[in-house]
Amino acid sequence: MKGQLKYIFTVVFLAFLIMGCGVISVFGEQYKAGEYRVKAAFLYNFINFVEWPPQSLFQSSPTITLCIVGDDPFRDALNELKNDTVRGKKMTIKYRSADDIRGCNILFVPASEKHNAAKIVRSVGKSDVLTVSDTEETAQQGIIINFFIEQKKVRFTINIDAARLAGLKISAKLLKLAKIFEAAEGRAASKEY
Amino acid sequence: MQMIEVLKGILLLGAAFGKSGKQFALSCQLIKTEKGVLNRSWAVLILFSALLVLPLPVYADNSNDLKKLSLEQLMDVEIESVYGASKYEQKVTEAPSSVTIITSDDIKKYGYRTLADILRSVRSFQITNDRNYSYVGVRGFGRTGDYNSRILLLVDGHSINDNIYNQALIGEDFIIDIDLIERVEVIRGPGSSLYGNDAFLAVINVITKNSSNLTGVETAGAAGSFRTLKGRVSYGSSFGEDAYGILSASGLDSKGPHSLFYKEYNTPGTNNGVTVNTDYERNQSFFGKVGYGDLTIESAFVSRMKGIPTGSYGTDFNDRNNRAIDQRYYLDLKYEHRLDDDATVTARLFYDAIYYWGTYVYSGVQNKDYTNGQSVGAEAMYSRRLFDAHKVTVGTEYQFNIKQLQSNYDVSPYQLYLRDNTRSNRWGIYAQDEYSILKNLIFNGGVRFDHYGTFGSTTNPRAALIYAPVETTAVKLIYGTAFRAPNNFELYYQVPGQQAANPDLKPETITTYELVLEQYFGKHLRGTATAFDNRIRSLIAQQADPDTGVLVFKNTDKVEAKGLEFELEWIGDGGYRAKASYTVQNAKDQADHTSLVNSPTHLVKVNLTLPIWSDKAFAGIEEQFMSSRSTLTGAKTGDVYITNLTLFSQNIVKKLEFSGSIYNLFNNKYGDPGAEEHLQDIIQQNGREYRLKLMYRF
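Which chain is which? The protein sequence lines are A and B, in order.
Position 88 of the first sequence, counted from 1, bears residue number 92 in my numbering, the numbering being contiguous throughout.
Position 154 of the second sequence, counted from 1, bears residue number 391 in my numbering, the numbering being contiguous throughout.
In isolation and in its complexed conformation, chain A is listed as follows (with noise of 0.2 Å):
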């Protein structure tokens, strides 16, 4: 028992000892940011990743718009992306309501329009508008892209049935990075490892 006093002793020593270095080290914080600038971040990144289809407006037009359908909970996030070039054309972002959703190349569903979805999803579903929304009961209905937040970070799925149906090719890159819609669970039983 005295054996294992002494010891014990010593490691919640080292314990302070380390938390003392802990206190120290407060500048080499972890980055932190806003989750919606993050989300924005991935927006703008996800353009680089996606392919979409030759003959697509998508292609001759010098603009891509994101638009925003109903309650925008980006707000002053999205001003670092205004007007930004990605991959030679312009951002444009938009502010639409979800019975007049036309012209969109991105369209992200937010919470608010959950009930929504499945309206959205039929109209735009076939063709090339790349979904995302961070809600999961929107994830359900249809939307290929779909952030969730996992230990404090941005993380997402990608519904690859979706993207297909939308004629939009998902980068294999993206896709490694993301948690794959279909059969999340229980991979290995399919060795999908």
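Keep in mind that the hints were calculated from the coordinates and are not lab data.
Any given hint might turn out to be false.
[What the hints assert, rightly or not] Heads up, simulated EDC-like pairs for lysine to aspartate or glutamate below, C-alpha to C-alpha not over 16 Å straight-line:
(1) A:K157 / B:E708
(2) B:K760 / B:E708
(3) B:K305 / A:E141
(4) B:K760 / A:E141
Use these hints to put chain B onto chain A, whose structure you have.
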């Protein structure tokens, strides 16, 4: 900036180490050990050496432009305190099996020390321990004396069942440190239609962390009951957009209970049944993984020394030299390429090695088992979507056993009893089709043909029908067979007068019928009900020749195991989680219709995670009940109730994780059935145990 902080830390620690160093020198005893094993001060030194590592490149803190970050870097950005975000929910699964998943989050919150601890919480799994190895029983089948060769244990898809004993090691002898585990997938049922050998009762796939969840330098230290110390240093980093690397080293030193009492040895000649300082355990393990685009190279090594206090195999009681040293190593090269949305190709090359030393002391003379196995192999797999409704997978695997050496000898005076070295090979070819007959009706059929140099060939199919009448319900009907090849030990190990070889052994077979119901109730609750029927034939069992008493392995037994399982899982917002499962099962030997040894009729498992302070502190509670089991003499072990409690905290102090665990909280006395090699009918297990663990990320 970074350097100054690290240097300050080192200075502080140096001062402290000076003070406590003396203490350590006093309490550390250098014990003469077999080659390649650490003494306990090394375990702590590994912890300290982390501080000497140079600081890592962190992206410039003045970069407000998130757009400049790559995808991988974006995935590493922490968002400001998100309170109440629930974990991603997995909807009705399309897997052709009943699957349980344990995450690294569970590992931290329930204080799991080993894979064995993890499996103790899994529905219809049971773990028994004889103070040498931990053994898995699945769905009522877990006879004493089996070496976990009926479960296939994979690490990132790489099989770690060795080529001599086909043993899956799940304790501190498991090749991966528990902190490196990202996720464990437990896939019940026969898996030979895809995986071949050993996928008899279940396939367990352990997925290790990659650089998105292990970045920078991480150190961990733990102290626990029975003078146990464990240390780890890990380093993870990404290099550009495509590459990443992980390196990790761990060490463990446990003295074990100071003394154990066995009434079977209670005679003056055997120290009145008291064995002192013989239940020790030490290990060291290393892990490395490098990913570059589609290529991953992974390598791991573990060395574990375990004192054997039970006097098994008639060895001298209370002799510290009775021990087992297990070493495993593997190197795996994997290439995984997505050809387009519809097809993937995977190719693997692997090398495995096992080294084992068993020391048995008889009347003061040390008898040693020395085993060395080495193998190389390759696997290729191609998966593609055909005609929209079919997802077809085909693959082939080959393994060449370069060396399968078993030997047995007395050390001094030297006498050789066995030296058997064989070479063998095996290959397999498999195919699977996942056919979406309707949008909510899937047929999953697969078959694998295996050819073994030792016994010939075997074909194993699996068929499953998965129907989801509504989005929240799934019904699965599963049929499958699997095999377990006789291993090198069962085939060729022989010592004159004690054990005879049997090269004519045939593989064991299992046929499983399973019905699974999965139901999602709303957003948070999921329920599962399963009925299973396992029919096992040609079980390889050790038999004693009635005249000579010489042991030999034979294909003799026939077992049928049937049962029902129920499970409810609730995932709430804010980190609340609850899971409860109940299994009722019956495993009978078909020859005499008696229940199997070590087969509990009832298993209950409850897991609860409660947030105590937002996302900074959690309590993890486990309740495990196992009903009474039969022993080899027909006695009963009695019911077992175990309660475990863990308090886990993160980021109360930045980047620090701290946990305290109490295992077997109510200090219940219980034992597990002994095997043929034990004089003990029931081997007493430990009472209450503690652990304190710290993890710090630089």
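Tested hints:
no.	hint	in the structure
1	A:K157 / B:E708	violated (29 Å)
2	B:K760 / B:E708	holds (12 Å)
3	B:K305 / A:E141	violated (31 Å)
4	B:K760 / A:E141	holds (9 Å)
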